[in-house]
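J.: Chain by chain, the residues run as shown.
Number of protein chains: 2
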Amino acid sequence: MMLPVGAELTSIRSPRVKAARQLAKRAFRQRAREFLAEGPQAVSEALAAGVVTQLFVTAAAQARYASLIGLAAGQGADVHAVSGEVMTELAQTITPQGVLAVCEFIDVDLDQLTAGQPRLAVVLANVRDPGNAGTVLRTADAAGAGGVIFAGSSVDPYNSKCVRASAGSLFHLPVVTGPPVADAVRALRERGLRVLAADGGAGTTLDDLQSAGLLSQPTAWLFGNEAWGLPSDVLDLADDAVAVPIYGRAESLNLAAAAAVCLYASARAQVPSARAGGPRQT
Amino acid sequence: MMLPVGAELTSIRSPRVKAARQLAKRAFRQRAREFLAEGPQAVSEALAAGVVTQLFVTAAAQARYASLIGLAAGQGADVHAVSGEVMTELAQTITPQGVLAVCEFIDVDLDQLTAGQPRLAVVLANVRDPGNAGTVLRTADAAGAGGVIFAGSSVDPYNSKCVRASAGSLFHLPVVTGPPVADAVRALRERGLRVLAADGGAGTTLDDLQSAGLLSQPTAWLFGNEAWGLPSDVLDLADDAVAVPIYGRAESLNLAAAAAVCLYASARAQVPSARAGGPRQT
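Keeping their order, the protein sequence lines are chains A and B.
With my numbering as the guide, the letters of the first sequence map in order to residues 22 to 303.
With my numbering as the guide, the letters of the second sequence map in order to residues 22 to 303.
I should point out that these hints are in silico values taken from the structure, not numbers from a laboratory.
Heads up, none of these hints are tricks.
Same chains, same label: a pair holds when it works inside one copy or across any pair of copies.
Heads up, simulated SDA-like pairs for lysine to any residue below, C-alpha to C-alpha not over 25 Å straight-line:
hint: 1; residue 1: K182; residue 2: A248
hint: 2; residue 1: K182; residue 2: I115
hint: 3; residue 1: K46; residue 2: P201
hint: 4; residue 1: K182; residue 2: I127
hint: 5; residue 1: K182; residue 2: G269
hint: 6; residue 1: K182; residue 2: G105
hint: 7; residue 1: K182; residue 2: R270
hint: 8; residue 1: K182; residue 2: T116
hint: 9; residue 1: K182; residue 2: E272
hint: 10; residue 1: K46; residue 2: F126
hint: 11; residue 1: K182; residue 2: I267
hint: 12; residue 1: K182; residue 2: R149
hint: 13; residue 1: K182; residue 2: P200
The structure displayed is predicted, hence computed values, not measured ones.
Here chain A stands alone, though its shape is the one from the complex (with noise of 0.2 Å):
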């Protein structure tokens, strides 16, 4: 089968590849509204979300991809064939899985996200590390989340560590980027889910909520910095702040793991067919 792809990309300073390795950096990609995704699976989501532009695939991984590139290729992106040091430049990882896209910004207004009227939604408060972000917008999909709000001065979502945290979650679900924490938070509200801040100096505890039942309401989630938490302002914007408990010697738990237990927990609360031995509600 003939592949639908260009002459070889041999040097890191052609002008297709400088454009590409430029998106590393938030103002390109701020400017181009374009990120990168790396690797097999983000680019396969990506051109599930039908926003891949360009594919770079190299000579030794053409046939592997042989699908992703035939899908690229029907959607009108470019295929591009690059060597292995151009890959190396682009990919930013250790060992490139030998295919990367540039894709469109696929981030929404808040409007649009409330708009899904989702029960379960997530309120990053000025979040720093692009791992954790990434890490919790995966678990945020997993648990069934409506939206994932990048908000104050947060890590851009398009970072290539967020994007690669995420595992693929960044093309499933709503995802805004950039507003302030107090306008994340009166939207969701207006549309008539309780805000819980996740603070681990709070008086109430996870399990004082799902013992009340408390949990089963539609609820944004609100995470704070991974070093200082949530100030008091944030705080304040909130219904409740709500702590997770600490059984052992541990003085906190990190953002993704403290994130994981929140949504866990409102997301077993909100499905009904979970509960024990109670009705199935409809």
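Since chain A is already given, all that's left is putting chain B on it; use the hints.
T.: Quick look at chain B alone, frame taken from chain A:
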């Protein structure tokens, strides 16, 4: 106050500095049975555990860490002032926090761990990423686990990234390093723990176990490698394989998030006072 600190070491070729630097490598750690703990939180936990043999502190940070220096000297540790350059060399972090300790190994053997009759324990089966392993250790501590076993070819718990990610929890609960996975599972089962393997492909979900009330019994969780999970011969060692339910479109959770959900489900089921409306068991 005159702090019990020797003359400042300014050369990375000083014998004491060289010896400490070598502890960045597993082979040297195993020979010396010592490891490095960096930053005030880890150092303070190491001092509480009584395992500090040497303390390095920058001249600039001496006043700030006067109480740690006093404690270390009181325990007979050697305290060395070092230049910022030497600390950067030792700490392996981009922004070292000015204080670093050489600590004696604190791992125990399987018998010592099981002698504590843990009701919740963790077996890491070939978990290779030190950040993941350290995060699971921290989460296990938070969930009240009575031990974590770094089994099979799992990362060294004394790896500096693991120590850092554990946020002090390495010093809080019994840690075993290096036994074959089968030995770890056997030892825990002999003490009456039910062994549950976390496996995204399992037919039984965590919700099923929660709903059936099966999580309140003593439990050991078996977590596999972040990339390839638990191979079938390891799955066969467990009493049950259990999947964290996926409510959305994510394919799976990452290791640290899955561990947080599983361990907190167990912790909550094991603490009678946290049960909604139920009688408190004694």
